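Visitor: Here are the chains, one letter per residue:
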Amino acid sequence: MSKSPGLKLRVDPDKCQGHARCKSLAPELFELDEYGNAHEIGDGSVPAGLEDKAWLAQTNCPEFAIEITEE
Amino acid sequence: MSDAARTTPEHPPVTDWVQDFDHTDPRWTENPFPIWDELRAASPVVHTERFLGCYMPTTYEAVKQIAYDTEHFSSRRVIVRDIRPEITNPAPPITSDPPAHKPAKQLLLPPFTPEAMKKLEPRVRAICNELIDEFIADGKCDAAARYTKHIPVRAIAHMLGIPEKDSDRFIKWIHEILELGIRDDDTLMRAVQEMTAYFAGHLEQRKKRPTDDLISTLMNARDKNGQPLADAHVLGSLRLLLIAGIDTTWSAIGSSLWHLAKTPADRDRLIAEPELMPIAIEELLRAYSPVTMAREVMKETVISGCPIKPGNMVLLSFPAANRDPAMFPDADKVMIDRKENRHAAFGLGIHRCVGSNLARMEMTVAIEEWLKRIPDFRLDPAGQVTWSEGTVRGPRQLPMLFGKPS
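In order, the protein sequence lines correspond to chains A and B. Each position in the first sequence, counted from 1, maps to that position plus 62 in the numbering used here. The second sequence: position 122 = 118 (the numbering used here), numbered continuously.
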């Protein structure tokens, strides 16, 4: 899968409280640990085509724990 | 102490919501939304002398600040009541503050992950269909009494490993603790004692014969020093799971069905576009959040420019935060395809509801199964919808007619 030139995301582990909204909206980009807290998959690079899902997850996180940067 | 001394008098009707709010007033119970709008327009934090002094943040921002601030606000009391007796029955982690909170919460998190909920889902689907089988032929039902009430209690009983047939007893205790207990301490204490004795019996049984349910999981847990939890801790957490897991989700499912009964367009859309369900569930959670929490002020501080003094409680209304138009455009409109929705129905910060994934799964399954079996339904004009009083809001009578109006 080719990588988007644009987006990289990161879940701030100090802010994440395990609401799991990101995993529900964008399971391709997030995984949950045994406590249900979220982590970005791999290095957080957003594959092409999944940019909208990345933003959707970011704008639904109740703890503002998802950071998206443009590379 | 006599019964009379421990049961406070009826609350006088509110004439000035901004200076003298009361979340047990019948008008609040019936329709709190315009009251919250009035309070929010007046100030980001309001105060009442009732309940021995209590603040209420009215904006999303003020609710969030308090939820994150465990230094000035303690969770040791999580219900705003007329009295503040000594704290005798903690229910960790909901009543815990840092640093005790994190280890108590981490014990409960693994059994409630979305993955764990997938395993429970088939049982919940079966529960929903067993319930629908009992009333569908009647062409009508009180959906609160016959459907929504029974789903969470049976699901949590199944998880804990206690008999689903004891459900009526659990529902009675919860009513006594969360509704009657606001004013009547004796009833509350009796319910807590009965519940504790009930679970103590189950603990004893499992000491002789271990099981693979959630009660045994808690009994087998070890703290960071490798020691098992004290029975009192296990009992407190079990009380929490039962109290917090039942009328909350009962309320959320009930409010959702109430909305769908009145809104055929949303109903039809969910049937036509089932993939919209997860987004719709979040919007129903936002618009009809059932749970209001509480904090106790420990140290003087300022929230959204308002001075906050110790000795007061805080009514931490996540439902009011979720109706703040500064955070949610058209906050009073239910839009089941709302794209951006950082709602706080399950709280914010370290006390995020441990059962949120369970609640979402139960809501989703309960609505899906209802829509499959009863795609057309409406409120019964001959009946009356009634709402619970206190800090968990949802329909307690929900009379419905099935089929299209003739």
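If you are wondering where the hints come from, they were derived from the structure by calculation, not from laboratory data. Because the structure is a prediction, the values reported are computed rather than measured. Hints are supplied without guarantee of correctness; some may be wrong.
[As the list claims (entries may be wrong)] One-sided and incomplete, this derived list gives chain B residues near chain A with beta-carbon spacing under 10 Å:
| hint | residue |
| --- | --- |
| 1 | PHE131 |
| 2 | MET185 |
| 3 | ARG186 |
| 4 | GLN189 |
| 5 | HIS339 |
| 6 | ILE346 |
Heads up, the beta-carbon is just placed ideally off N, CA and C, and yes, glycines get one too.
Visitor: Look at each hint and say if it fits the structure.
Guide: Evaluation of the provided hints:
{"no.": "1", "hint": "PHE131", "in the structure": "violated (32 Å)"}
{"no.": "2", "hint": "MET185", "in the structure": "violated (32 Å)"}
{"no.": "3", "hint": "ARG186", "in the structure": "violated (35 Å)"}
{"no.": "4", "hint": "GLN189", "in the structure": "violated (32 Å)"}
{"no.": "5", "hint": "HIS339", "in the structure": "holds (7 Å)"}
{"no.": "6", "hint": "ILE346", "in the structure": "holds (7 Å)"}
Going down the numbered hints, you'll see the structure goes against 1, 2, 3, 4, while the others check out.
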